[in-house]
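Starting from the known structure of chain A, fit chain B onto it as the hints suggest.
Number of protein chains: 2
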Amino acid sequence: MILAGGAGTRFWPAGRRDRPKQLLSIASDDSMLRETLVRCADLAPPERTWIVTNERQAVDTRTEAPEIPADHVLAEPAMRNTAAAIAWAAARIARVDANAVMIVLPADHVIRPAELFTRTFAAAAQRATDAGTLLTVGIEPTGPATGYGYIETGDAVAEVDGFSVRAVKSFKEKPDAHTATRFLAAGGYLWNAGTFVWRATAFLEALKMHLPGHAAVLDAMEADLDAGRAPAAEVYERFENVPVDIGIMERADNVELIPGEFSWDDVGSWLALDRLRERDAKGNVTSGDVVALETSNCIVIGRPDHVVATIDLDDLIIVSTPDATLVCPKDRAEDVKKIVEELRNRGLDNRV
Amino acid sequence: MILAGGAGTRFWPAGRRDRPKQLLSIASDDSMLRETLVRCADLAPPERTWIVTNERQAVDTRTEAPEIPADHVLAEPAMRNTAAAIAWAAARIARVDANAVMIVLPADHVIRPAELFTRTFAAAAQRATDAGTLLTVGIEPTGPATGYGYIETGDAVAEVDGFSVRAVKSFKEKPDAHTATRFLAAGGYLWNAGTFVWRATAFLEALKMHLPGHAAVLDAMEADLDAGRAPAAEVYERFENVPVDIGIMERADNVELIPGEFSWDDVGSWLALDRLRERDAKGNVTSGDVVALETSNCIVIGRPDHVVATIDLDDLIIVSTPDATLVCPKDRAEDVKKIVEELRNRGLDNRV
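Which chain is which? The protein sequence lines are A and B, in order.
Counting from 1, one number per residue, gives the positions in the first sequence under our numbering.
Counting from 1, one number per residue, gives the positions in the second sequence under our numbering.
So that you can see chain A by itself, here it is in the shape it has in the complex (with noise of 0.2 Å):
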């Protein structure tokens, strides 16, 4: 199951509120919903994969997954966040399936490789089937990053083909600098990747102990939910606005861990492509027509029918759409949704 509903601000002027991160080509050409979908072929084919949008972005998410039951894109009719989304689709595959084990990814991660990925969540599948628990994938931490929550695991409860399965003891808020310096130096602290893995009835039996609002809402939806249709936005609506790792994953006794040891990016804003692009000999990130001359360590995005031409420039962000252009240092890329925000304020909102 994969979660598809995001807003992307950070990636403005590419990323729209209806054409959010998933549905950018970020990492490489293909979008990385395209990208999660080929990396979740191994481990459900499409006829077992649901992913929840909402009803603005539902076209393009369809267009960009053919391959996946049109009945298995479900739209949000309000966004609700993720215990929400993810109570709709247990619901739906717990009719589908009583058997059912969800794996519950979001559509905008990069991971590789993919091998390891999948041997990863086949793992916690397994434990997922065999002990009934709620499980996450949590990442090794590789500095002390305060734009993640991190989990605190516990002793190893079991290992799974290699893979060592974590008790789970709590699950941290976003840390300051100082707090994370700690985790890390402590150990024991993983990055919360929001990647869940359990038996859909597991869910919602812990949905009606932690969330029994939730539970309410699913029992007002259930003609919706057998006819297998969106509900309508005045029931949807009332779901609590909460995320499943705070409405559940807090609450829960029986949450357990596999580390995972996967490259993971959760490509939080405009930097990533350093990350993730390849890089010329000067340091530059570019796509589309680009000249740029004496400029070094920039990420320039242009398009096949446009040239950005640059001249002496060094550590920018620029980025051409048809009907936006987006420049800033490189050290100001999280405040790009700030841009938003003003185009909002502004009555700007085709632009955002």
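One or more of the hints may lead you astray.
Each pair may be met inside one copy or between any two copies, as identical chains are not told apart.
Pairs of lysine-lysine residues, derived as DSS-like cross-links and limited to a Cα-Cα distance of at most 30 Å, are as follows [claimed, not checked]: (1) Lys282 x Lys169; (2) Lys330 x Lys282; (3) Lys172 x Lys330.
Please keep in mind that the hints were generated in silico from the structure rather than gathered at the bench.
Showing chain B alone in chain A's frame:
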């Protein structure tokens, strides 16, 4: 007579081979040619105004100058510099009016105020009528610029309507910084603005004497000149490629100068916008939809249907057009022509 045939590579990407500086709106929302026509209206009515352009730009030039009779827009079949362009116009004008005085003006300069401009050139025209000399209007330097040629003046020889007419000793090529400083210290050196005033017949006499090859090409064009049509390219191409300053003015002994005391700007690069356009509180010059966060002293040229967004930038030039974008520091504005060269080298001729 307006010289409107430039290339304008320093205004890329707005300026193109077929859309030179004089067809761009740089100093105001009107094109520079339009501003020039308005400025000249008090010196000569449309039916006595002539424009020399080239074949590629002829349609756009006529569109921009609808009040000028179509057969007064001379479209050169080849670009052969100012001596040829003026020779063609002079020969046509002399046929229409044997007593005509020509005021030769580039189409891509900004001159203010118009009233002082009009009085200055009217005085020059009076002197040309009375004395039959070849006049230029030179500009009092405001600093030791190295981007202009200089004219070394001699004694005052007359006064017309309060304007001093001076003898001209020599024309100087663009000087180095040391020489320019020496010119300013010495006094009597004015900038060569490429503006000329003379009787058409006086110019044609000078042509016979100093550029006899040009006079011979005019003889070969006689039937075309009588008929008021453009000559064949193979005839026009016989004109030697030489500017009128060097071909005529440096050689003739009846050259005079009137100092122009109006404000004059040759709009040499994008940097001119800092001088000619209003700057906002942060020193930015912007056009079109621009979102400039923490941005100062930048020139940002968007379009009505295109947002250009910036964060944390200083002293940059950013220009967005439908098929090309430029980003460069202000102190590299002169090097924009290198972009054009590079595009030509890459065969991207449709972008220059």
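Comparing the hints with the structure gives:
1. In this assembly of identical chains, Lys282 and Lys169 lie within 30 Å of each other by CA distance neither inside one copy nor across copies; the values are 46 Å within and 52 Å between.
2. In this assembly of identical chains, Lys330 and Lys282 lie within 30 Å of each other by CA distance both inside one copy and across copies; the values are 16 Å within and 22 Å between.
3. For the identical chains of this complex, Lys172 and Lys330 are intra-copy neighbours only, at 28 Å inside a copy versus 47 Å across copies, given an alpha-carbon limit of 30 Å.
This entry does not satisfy hint 1, going by the numbered hints stated previously; all others are met.
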